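Trainee: Protein chains in written order, with the numbering used here: chain A, 1 to 100; chain B, 1 to 478.
It should be emphasised that the hints constitute simulated quantities derived from the structure, not laboratory data. Owing to the predicted nature of the structure, the values given are computational and were not obtained by experimental measurement. Any given hint might turn out to be false.
[What the hints assert, rightly or not] Simulated pairs of lysine-lysine, BS3-like, Cα-Cα distance not exceeding 25 Å:
| no. | chain 1 | residue 1 | chain 2 | residue 2 |
| --- | --- | --- | --- | --- |
| 1 | B | K89 | B | K130 |
| 2 | B | K366 | B | K430 |
| 3 | B | K116 | B | K76 |
| 4 | B | K120 | B | K335 |
| 5 | B | K368 | B | K416 |
| 6 | B | K137 | A | K88 |
| 7 | A | K73 | B | K243 |
| 8 | B | K430 | A | K73 |
| 9 | B | K459 | A | K64 |
| 10 | B | K472 | B | K410 |
| 11 | B | K178 | B | K459 |
| 12 | A | K69 | B | K443 |
| 13 | A | K69 | B | K215 |
| 14 | A | K64 | B | K387 |
| 15 | A | K97 | B | K215 |
| 16 | B | K366 | B | K335 |
| 17 | B | K335 | A | K97 |
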Amino acid sequence: MANTKAIDKKTVEHVARLARVNLSAQEIGIYKKQLADILEYINKLGKVDVKNTLPTSHPIGKMKNVFRKDNMKKSLPVEDVLRNAPNKKDSLFIVPKIIG
Amino acid sequence: MKNYEVVIGLEAHVHLLTESKAFCGCSTKFGLEPNSSTCPVCLGLPGSLPVLNEKAFLYAIKTALALHCKIQNLIKFDRKNYYYPDLPKNYQISQYDMPLAYDGVIEIESQESKKKIRVKRVHLEEDAGKLMHEAEKGVSYVDFNRAGVALLEIVSEPDIHSPEDASAYLVNLKAILKYLKVSDCNMEEGSLRCDANISVRPEGAKALGVKAELKNMNSFKAVRDALSYEAKRQIDLLAAGEKIQQETRLWNEARGLTIAMRSKEDTQDYRYFPEPDLVPFTVDKNKIDQIMRSLPELPQAKKKRFISDYSVSEYDARVLTREADVSDFFEATIKTYNNPKEIANWLLGDIASLLNARKVSIAKTKLKPGHLAEMLEMIHSEEISGKIAKEVLPEVFENGLSPKEIVRQKGLKQIKDSGELTSIIELVIKENEKSTNDYKAGKKNALMFLVGQVMKKTKGKANPKILNNILKNMLGGK
Ligand SMILES: [Zn+2]
Numbered sequence: 001m002a003n004t005k006a007i008d009k010k011t012v013e014h015v016a017r018l019a020r021v022n023l024s025a026q027e028i029g030i031y032k033k034q035l036a037d038i039l040e041y042i043n044k045l046g047k048v049d050v051k052n053t054l055p056t057s058h059p060i061g062k063m064k065n066v067f068r069k070d071n072m073k074k075s076l077p078v079e080d081v082l083r084n085a086p087n088k089k090d091s092l093f094i095v096p097k098i099i100g
Numbered sequence: 001m002k003n004y005e006v007v008i009g010l011e012a013h014v015h016l017l018t019e020s021k022a023f024c025g026c027s028t029k030f031g032l033e034p035n036s037s038t039c040p041v042c043l044g045l046p047g048s049l050p051v052l053n054e055k056a057f058l059y060a061i062k063t064a065l066a067l068h069c070k071i072q073n074l075i076k077f078d079r080k081n082y083y084y085p086d087l088p089k090n091y092q093i094s095q096y097d098m099p100l101a102y103d104g105v106i107e108i109e110s111q112e113s114k115k116k117i118r119v120k121r122v123h124l125e126e127d128a129g130k131l132m133h134e135a136e137k138g139v140s141y142v143d144f145n146r147a148g149v150a151l152l153e154i155v156s157e158p159d160i161h162s163p164e165d166a167s168a169y170l171v172n173l174k175a176i177l178k179y180l181k182v183s184d185c186n187m188e189e190g191s192l193r194c195d196a197n198i199s200v201r202p203e204g205a206k207a208l209g210v211k212a213e214l215k216n217m218n219s220f221k222a223v224r225d226a227l228s229y230e231a232k233r234q235i236d237l238l239a240a241g242e243k244i245q246q247e248t249r250l251w252n253e254a255r256g257l258t259i260a261m262r263s264k265e266d267t268q269d270y271r272y273f274p275e276p277d278l279v280p281f282t283v284d285k286n287k288i289d290q291i292m293r294s295l296p297e298l299p300q301a302k303k304k305r306f307i308s309d310y311s312v313s314e315y316d317a318r319v320l321t322r323e324a325d326v327s328d329f330f331e332a333t334i335k336t337y338n339n340p341k342e343i344a345n346w347l348l349g350d351i352a353s354l355l356n357a358r359k360v361s362i363a364k365t366k367l368k369p370g371h372l373a374e375m376l377e378m379i380h381s382e383e384i385s386g387k388i389a390k391e392v393l394p395e396v397f398e399n400g401l402s403p404k405e406i407v408r409q410k411g412l413k414q415i416k417d418s419g420e421l422t423s424i425i426e427l428v429i430k431e432n433e434k435s436t437n438d439y440k441a442g443k444k445n446a447l448m449f450l451v452g453q454v455m456k457k458t459k460g461k462a463n464p465k466i467l468n469n470i471l472k473n474m475l476g477g478k
């Protein structure tokens, strides 16, 4: 059952792109090893005997149907919302252009 | 040339009509100051936790049941991961492998036949923020007010085979949602949005063709136009022996064509996993039965009832029941003026044009069912002509006065007095010697002209029947 998929250079590049992270060639080498180590560690779970264990659908045991009523609450002041924004204008966040 | 079959599946996104967002208490109101309706939960600030809005959940279940879906035994949420500036958490709370409901159906009428379009799944998720682009400055602006608003995704099976049927499906879906009062389905404000998957295949072929995903269609007309364009584009490509690329294409309304979107690398790699911040949900059989019983009469059922109870045509019944406001108005008017066909004619004719021109729903105007009944009664008793009624109607719309009052104020009552009419007719005959002679020489059309002249002099108030009789007598008698 162990996940034997090797972590190669391409996989690291793919994951980096999904996370929008730029990696140097040297960093790719570092993360290739680190990710492989992590996976190998996680794969130990595959060796556990779960024949008599029920699947867990959620970490919080039997708790279910937790709702809130449809009531409005005060939102944050716009100044606070934008406080950490590197770039803003007229209550809007500004980000680099997404599509042309 | 070979014949091709078009295969279409639709993905509709609908804002649910809740006061607050899906997982936090921020307002869902449209048009607020940008980012003024945001909080740690919908901004994805560290340490915040989402809690599901009960009303959003019930609306979702209600909709699913109205679409004849089965409800999932165990309902859970998943994270759909992607990095894009409209998504503050870098994941969207959605549902992946276990949608809230599945296996439903929406009936549509097309060219006199009924079709059942299967609904594959209905799931609950949160909307993303809104991006505005300023190409020249190389920037995009982000407003997170919409981020976290409860969104219902309704996905059809690829059972639709023409742009017209796609439009009919959406019209019916919108009608159902509005009857349920779970969404206002305002396409202009983005509370109803639709994407489409479309492919073509040679007639009789089993395998589906390569599909394109169409986006950016902002009206029912745009959906129809985009699908027509895209079907033709794909058929032309295949007929020329070329291949179709699987891609996302944007409808360009101004140019009337679809344009391939720059292919996003790694599409579909959303790395879904269960949302650990939300517990699972279940709806027991009793609750489902209770919601089922509370469902209002839906458009299809109402349409059938209108045809059998009021003997209106299939077409009239369909248009009358498209909006609950209109069908309610229709039935309320019948209570005081029992002539369904006449009421339908006015509702679907003059009243519909007035509503269209003003872009309002009938419930929001000053016209009340009692007004229409009173006006029709006045036509029936020949107090006013149908033509005058068409003048009275917009006045009722504008100021909410009763038709009787408007007719009195403006002196629009029909002239039925033969003496009064005779003197006007005498004048018209004198002024129009040529037409008078033409009529006597056997030109029947000349009569219409003379009638028109009398109407002009009386501002349309002459009783047509009496006018015709007197005129014919006077002309024919000589
Ligand atoms: Zn919020």
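Trainee: If a hint holds in the structure, say so; if it does not, say that too.
Mentor: Checked hints:
1. B:K89 with B:K130: Given that 25 Å is the threshold and the Cα spacing comes to 14 Å, the pair holds.
2. B:K366 with B:K430: It is violated: about 45 Å lies between the C-alpha atoms, which goes past 25 Å.
3. B:K116 with B:K76: Judged against 25 Å, a Cα distance of about 29 Å means the pair is violated.
4. B:K120 with B:K335: Violated - the C-alpha atoms of K335 (chain B) and K120 (chain B) are around 41 Å apart, more than 25 Å.
5. B:K368 with B:K416: The given pair, whose Cα atoms are some 29 Å apart, is violated under the 25 Å limit.
6. B:K137 with A:K88: holds, 14 Å
7. A:K73 with B:K243: This hinted pair is violated, its Cα atoms lying about 53 Å apart.
8. B:K430 with A:K73: violated, 79 Å
9. B:K459 with A:K64: Since the Cα atoms of K459 (chain B) and K64 (chain A) sit roughly 72 Å apart, the hinted pair is violated (cutoff 25 Å).
10. B:K472 with B:K410: violated, 30 Å
11. B:K178 with B:K459: Not OK: K178 (chain B) and K459 (chain B) at ~43 Å, beyond 25 Å, violated.
12. A:K69 with B:K443: violated, 77 Å
13. A:K69 with B:K215: violated, 34 Å
14. A:K64 with B:K387: violated, 64 Å
15. A:K97 with B:K215: The hint holds at about 20 Å.
16. B:K366 with B:K335: With Cα atoms ~19 Å apart, K366 (chain B) and K335 (chain B) stay inside 25 Å; holds.
17. B:K335 with A:K97: violated, 59 Å
This entry does not satisfy hints 2, 3, 4, 5, 7, 8, 9, 10, 11, 12, 13, 14 and 17, going by the numbered hints stated previously.
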